[in-house]
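Q: Each chain, written out:
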Amino acid sequence: MTGARSSCPTDAALPSAQVESTSRAIANRLSELASRTPFYGRRLASVARHSDWLSLEPTTVDDLIAEAIRTGSAYSARRVSAEPAAVTIQLEYAGDRRLYLGFDRADLRAYVAPLERALRLLDLTPGATLGLYDFGSSPIVYLASSLYLPYMGPGAADRLGCTVICNDGGANLAQRAVEIFEYVRPRVAILRSDCLEPVVAACVAARIDISKYTEALVITRNDAAMTPAQVDRAARELRVRVLRLPRSDMAMFLAVECTGCGLLHVPPDLYRVEIVDLATTRSVPAGTRGRLVVTSLFAEGTLSLRVLTSVEGALVQGRCSRAGDDVLIALT
Amino acid sequence: MTPQVIRVPFDERETWPEERWREFQWERLRSAVQLAESLPFYRERFSSAGVRAEDLKTWHDLSRFPITRKADLIAAMRASGNYRVGIEADAPKGPKALGMTTGTLGTAILEYPDEWRRVTGDAAARAYWWAGLRSGMSMLVAAPAWHSMAIRQSQVAERIAARCVIPWGTFLPRYADGFIDAMRDLRPSFVCLFLPMLYSLIAESRTRKGDVAGAFAGVRSVLVGGAPLTPLARRRLTLDLGVDDVYDSAGSSEGLLAGECWAHDGCHYFVDVCHVEVVDPKTLRPLAAGERGSIILTTLAPYGSMHVRYDTEDVGEILPGRCPCGCTWPRLRIYDRRANAMTLVGREILWYDVRACIDEIPELVGKPCAVVRPALGARTLKVFIQLPTGPTGTELESILSATIMQRLGVELEVVRTADLPSRFKGVTVVEEGDLEHRTG
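Line order of the protein sequences matches chains A and B. At position 198 of the first sequence (counting the first as 1) the number is 229 in my numbering, and the numbers step up by one without a gap. At position 307 of the second sequence (counting the first as 1) the number is 383 in my numbering, and the numbers step up by one without a gap.
Hint data in this document are derived by calculation from the structure and do not stem from the laboratory. In this text, all values refer to a predicted model and were calculated from it rather than measured experimentally. All residues carry an ideal CB built from backbone N, CA and C; glycine is no exception. Take the hints with a grain of salt, since some may be wrong.
Stated by the list, open to error - Interface residues of chain A toward chain B, partial, derived using beta-carbon atoms under 8 Å:
| hint | residue |
| --- | --- |
| 1 | A108 |
| 2 | V111 |
| 3 | S112 |
| 4 | A116 |
| 5 | S168 |
| 6 | V172 |
| 7 | S177 |
| 8 | Y179 |
| 9 | L180 |
| 10 | P181 |
| 11 | Y182 |
| 12 | N198 |
| 13 | Y244 |
| 14 | C289 |
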């Protein structure tokens, strides 16, 4: 695991020499693992050297569904281990076939790190309460606490010394969310995107002012981000900071906009991110809009190499004082 | 799974002689009441009732302590503007989640620290063990993180070393398709579900024109809870699903835990983590085994939100006699929520009573039905039920009417319906207007 945990910056963010040296070790490690999975092993056959996986065509959700249908593998033949997964979670994708992630303990523990980083950026400190308004099958919830998922060890909120409360993910539960705001007063609340409008309406109807105790509402969505207009409207109605936390669950990706700079922070030791032109699937330079492609560097049980997400944005050159090494992305 | 495997006790505690577990439970009960007295909510209530923890010298003394209802907790929460109402025991530092108990009265918010998860999860593992969950097996579970069950279940999986399959969504009917897909794709050997969700899975399987047993192929045991299940309906479910067995269980966010053994005659309540009394709802007089009344719970795990003589608002009874399974712990049967009790011709009738009559007729076992809450002064019981059209349906209706009259002493009005909305399956009493609107 140690090789893959070292730094792997985004191409557009750092000088190419540094990119090359730091990427090589990770590339070699991941290519070795990839060659042991039918899905990536077959794809690697098309490149000259396995370490050239950086030039592989991005993996799409359709690719994973097709692979699941073709091979009969619930995990789209992406799992490295032949051992049964300790925890298998169905993903939120519609298609001819469901997608799943199969975790062993090490992968679960590693997957906690991105959420922990996100919560730190949201200024959650020991003793604070984190409100969650999403399903228990969402990584935002199950990675938050060891109380929600077996075999994971301390969750992201546990590591920060925070208490969690989850309202489940149905949009019809907005009234219960209001009660959580009123009586629990979470410092930060992460909401599923389709629950935002009902919550805003319920809070307005109940005439509660959550800005007295809640510092930020964070909107999360699998494989997409809310538009700035939606975010602005919610922020106006509730008079609270609204930030976005886009995810791509098939890539085990999640990242949050920073309370300081407002840009999406992607820790380079956890993910290798690119912004690509959708037509050519080639990386585009900083400042150019495109689609996010993610490689999860911590995931060694189920591999996610160059996964094309539905998240749109542009790389931003420069650094944020909150987390100097993070890759910054301006979401569309 | 063979009887030899199923009948292995979870541990020796469940076969202790009665005097031994009673002594064990007594010590925990006294500690729980002493702890409660140190908490602001109970200190005030005990004081108002003129009773102190040290007054608890015999089992009989417990009835001197005040009964708390959910409405009391919600009122305290609303008065203080804080979910912490003074029933929360401090726990060692570590992970902590808040959970909710919801209902017609509103939402109470409870604390579940890691120690609570460990103690009650280890206790709950007994129900899963009795139902046949073993190390290495794959268990399909919903992940309703707002509910205490999800928190206990994570500990159960670790305690038994079972693998978990978690479908997307939650345990509501509209997520049934994903649950069925997960069962077909991953073939878990153990399924644990909220009973209404299980009925939704069956309905979803039939909608797909597939056989129900095909969806459950590979499943050996099913553990259900959350709604009443009659013995005959349980047997029918076992046949329909094509599994080795279906087990009932009972639990609550406040800390009630009970599970069914292989004898399938009530759920043994888990005396190591809770104490159960059954009292007359009007006089609050403790009732003997075999008498129906309100279930009063005292939690014995000294972590998180404590409940001392908490009225669960369920109707049930402690079953008399000993269980052939060898477990010496009392058996509990929970019939329904008190709010669902109906009064007809001066008699209290529960949905469970009606369901039991329906299940006596082989052609109607497990057929979805809805009992309509009677208007004040009504003399007839109205039941919507899926019945075939034509003479067969008419004959079954006559048999059912006769059975209801014989068992419950009331007239029956049967309203035949082609299908009930899936959200009513496994649900008990509905309002007439709502149902007529939906069946159109």
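Q: Does A:S112 meet its interface restraint, that is, does its C-beta lie within less than 8 Å of any C-beta in chain B?
A: violated (13 Å)
Q: Mind checking the CB of A:Y179 against every CB in chain B and telling me if the closest is under 8 Å?
A: holds (5 Å)
Q: Is the shortest C-beta separation between A:S168 and chain B less than 8 Å?
A: holds (5 Å)
Q: Hint check: is the beta carbon of A:L180 less than 8 Å from a beta carbon of chain B?
A: Hint holds; A:L180 Cβ to chain B Cβ min 6 Å, cut 8 Å.
Q: Are A:N198 and chain B close enough, Cβ to Cβ, to be under 8 Å, as the hint says?
A: holds (6 Å)
Q: Closer than 8 Å between Cβ atoms is the bar; does A:A116 clear it against chain B? Give me holds or violated.
A: holds (7 Å)
Q: Take the shortest C-beta to C-beta distance between A:A108 and chain B; is it under 8 Å?
A: violated (13 Å)
Q: Taking the least C-beta to C-beta distance, is A:C289 closer than 8 Å to chain B?
A: violated (26 Å)
Q: At a threshold of 8 Å, is the proposed contact between A:Y244 and chain B supported by beta-carbon distances?
A: violated (11 Å)
Q: Closer than 8 Å between Cβ atoms is the bar; does A:V111 clear it against chain B? Give me holds or violated.
A: violated (17 Å)
Q: Can the hint on A:P181 be confirmed by a CB-to-CB distance to chain B that is less than 8 Å?
A: This interface hint holds because 4 Å falls under the 8 Å limit.
Q: Is the interface hint for A:Y182 satisfied, with its Cβ closer than 8 Å to some Cβ of chain B?
A: Constraint on A:Y182 satisfied, holds at 6 Å.
When held up to the earlier numbered hints, the structure conflicts with 1, 2, 3, 13 and 14 and fits the remainder.
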